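K.L.:
Chain order of the listed sequences is A, B, C and D. The first sequence runs 0 to 320 under numbering that gives the first Met the number 0. The second sequence runs 0 to 91 under numbering that gives the first Met the number 0. The third sequence runs 0 to 98 under numbering that gives the first Met the number 0. The fourth sequence runs 0 to 487 under numbering that gives the first Met the number 0.
The hints are simulated quantities; they were obtained by calculation from the structure and are not laboratory data. Bear in mind that the values here come from a model prediction, so they are computed numbers and not experimental data. Be aware that one or more of the hints could be misleading.
[To be verified] List time: in silico BS3-like cross-link candidates among lysine-lysine, alpha-carbon distance up to 27 Å:
1) A:33 / A:87
2) D:443 / D:32
3) D:443 / D:154
4) D:443 / A:87
5) D:427 / D:443
6) D:5 / A:274
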Amino acid sequence: METLTLLALSFDALLNLSLLYLAWILLNCEDLLKAIVLFVAFGLLMALAWVRLDAPDVALAEAAIGAGLTGALLLTALAKLRVIETNKGTTQQLKQDSENFQTLHYMTPLALLLVAIGLGYVVFSMPPISAGLSNDVATNMGNSGVSHSVTAVLLNFRGYDTLLEMFVLLVSLLGVWSFGSTTSQHETTPGPVLDTLTRRLVPVLILVAAYLLWVGAHAPGGAFQAGSVLAAAGVLLLLMGWRPGGYLSTLPFRLILVAGPGLFAITAALLYLLKGQLLAFPVEYAGIIIFALETTATLSIAVILAALFLSEPPHSDKEHI
Amino acid sequence: MQAIYFLLALFLLLNLIAGMWRVLRGPTAADRMLAAQLFGTTAVAILLIVAQATGDPALRDVALVFALLAAVTAVAFVRRAWPDEDPRHDTD
Amino acid sequence: MYFYALIGVGLFSVGLYALINYAHLLRKILALNVMGSGIFLILIALAKRTGETQPDVVPHAMVITGIVVAVSATALALTLMLKLAAETGRAELSEKDRD
Amino acid sequence: MEVVFKEFPWVAVLILLPLLGGIVCFLFSGIAKFTGLMTVFFTALSVLGLGWQIFDNGVYRHAVGGWGAPLGIDLYADGLSLLMLAATAFVALGVSVYSAGYFERGYSTRFWPIWLFLLGALNALFLTADIFNLYVTLELMGLAAVALAGLAGGKNALTGAMRYLLATLLGSLVYLLGVALLYHGFGTVDITLLAQRAEASPVIWAAFGLIAAGLMLKTALFPLHFWLPPAHGSAPPPVSALLSALVVKASFYILLRLWLEIFGPLVSNTDVSTLFGLLGAAAILWGSVQALRQTRLKLMIAYSTVAQIGYLFLAFPLATAAGVAAWSAAMYLAFSHALAKAAMFLAAGNMLRFGGHDRISDLDRVVQRLPLAAAAFALAGMSIMGLPPSGGFIGKWLMLEVAIKQGRWEIVIVMILGGLLAAAYIFKVLGHTFTQAPSPHESKAVPASMEWSALLLAIAAVLLGFLAIPVLSLLNIGNPFGISEVTP
């Protein structure tokens, strides 16, 4: 047992120090591409940390969103930025990035060090044992309609947060669209290796997304994880040069975008009319309602995330004045 | 038995950190990304070992998502950052 | 698990430092993401203090919400950065227009 | 009928109607304008309904999902929330009518859904009793506001929006860390339960520092105001009106709410209050002087917002001895500033549209040819300066009264100086509008709806001065400021 604790402890220590070191390097290195690659690696280590902290749901979300989609978003943004800089003749600026750093104030690091020490002290001053809301969650699980506690919190106990959060996703997409199109990426035809890889990978991603959605009712998984894995399939297709074209502005596509938040809000309104309470799922139907909400949410999340990756507004040529 | 699993996991983590050295050193972006991919593979292995050690099957799902998304990131890298290595290649 | 929470504090501070110190917008966006990860780490690490094997899952749900918010904000920020770069040629905020 | 009104779920309407209306606007862009106007109209009516409800029944509390705090999220409405909701409804109506004329087709379809989501976020923010839920509403509000700020495109608007985005994201993150500490320290994110459980400790201090810092950044309190002028000065005028009148105040509302319920009684009151007061005073003087120095009208109005935010923070030092009076004065000021500032930005938008520019020195002959906009600007200016009988006058008068009673002459002096400076920058603009230009400029017609919406908001800001007694009695429903009375 002793060696086990020792091994676990050294594992944690190594993981933690690597996280901090990686964060420091990625934020302070000169080359932006290197920073992004390190950020992806950072996301992977974060996911390991979630696993060590018994948070597999968060690990799933981090693996799919934090390391996967954000990495793809960042890489694409950097590529577009370089195209812009080449066109504008400002490429030099990026290489001399380090010289453009603002003058380092002596006070800033010192003040931040004090803040960090203070926060560290506060963290240590917390009582060593605190049940939080775990007892309340355990007591009410039977009435939640699902048997996995994180899903119960996300979709039922704190379902109102999730409702608003779906609108956060939607609003960011509307914001991205309202800024108008940036330089569009014209993909070259993929080589045979990439082509085959995509053909194999996309169905697997869709299958895994469906599995995560279904498993969410009783084990780690759920709408956000499933939606992001599904979005990854879309991102893969976009990377291969597939473009939705005018399809983006059609009503059915828009309906999929708003289905998740819309159904959630309508359910909330209907339940208020029927039961006089917002989002109070009747216990006997809670499981089905949650599954319906999660399924539509998965679709919407996937399409919104993929559209965020594409970041081109529908009809950009017509509306852009 | 548990101890062996953890020893293995620790060893893999050390491997991962060795890989980090390559990410930091480069010298080309492709070296970094390959090393980061190695990260992904090693992380999958760590997850599977920890899943075995703790008996938590959910960690296998995490490993699965890891493996899949690592492939997507790799494709994103190839499609987005690769032309950067070759100045003659025109992205637009 | 206090160790993890401390590293969370560290990540928050490192991110804040980079956010203040560097001009390039992409780096600022990365810094905000690292800060977010630090906060999530504090939330989850301290949720282990239940005294039982099962951690408190409410912070887990909060962090999942936070991760989705973070990716939305990142996407919006990246698009805004690109639009700005297309206008000015630089992915930086010039010091001139600060009051 | 009366039963229906009293039992009707107005709170649900206030939150869900704008969100669903936004979805309809997004789906059917052809009817976006009509749907948007209808949604805003019925949302405003619901505020009336909710007002009636809590006037009769007292404070409103609703457990979402039937779980109740601490497991679930509670919605809560008292006089303070009602005042903020009412200000939102008024400004929303005015700005929506204005926007219906302002945005051309392409922009209109982008504006309406985002604006309705912003309205939903604001209402949800004023109605929640849960600090994590507040974080989600803050993010929804912030991202929607940034999207609107960058709507027009162009270098200035995009720079302003980017600066705003970084500030708002940083503010939210810092706030979230404070929430994380509070949750782990006291095992709940419900404001009422936190108020019961919290006791002075390092956790409270750190959480307060973080939450206050995050919200001060979002409220643009001096010296964290750097992002506000570029963002508010270069957004489209109706958006500037929304940002200055409502979005900034929403963060102040959270800070005030948490101060009253949780932090005020715990952290050593006088030191922190003095600091807030000092920053407020600095904001008033600095913002006013900067406003006076501006050459562009919209930037001037944006700096005026920085100054007016300062008045709200003057209430902190005054409230240690006279809680109810000081807070009532501050909220009265917040309400009348919301109306007046929205009217001012809209009037500026009319001048901008009419003459094609907003250089203050070039505004000549506006009065003769755009009398309604000039009247709106002048009336709104009255309230900003604090001239009787406007709402701004009552607010400042109430606050001065408290300050004089307590013998806080330094606050009295700052307030009077701020008023004089405000008069200077407003009369500077009015002076230019009355000047005879040698030759009239090229001009573009301004729709009547845009003229009247600005004027009516300005008139409302003035009329607010006659409604002091009913507004103050509504504000005190549920005794939102009562807690600060007990503390020494």
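K.L.:
Hint by hint, which ones does this structure get wrong, listed from lowest number up?
P.N.:
Result: hint 4 breaks, nothing else.
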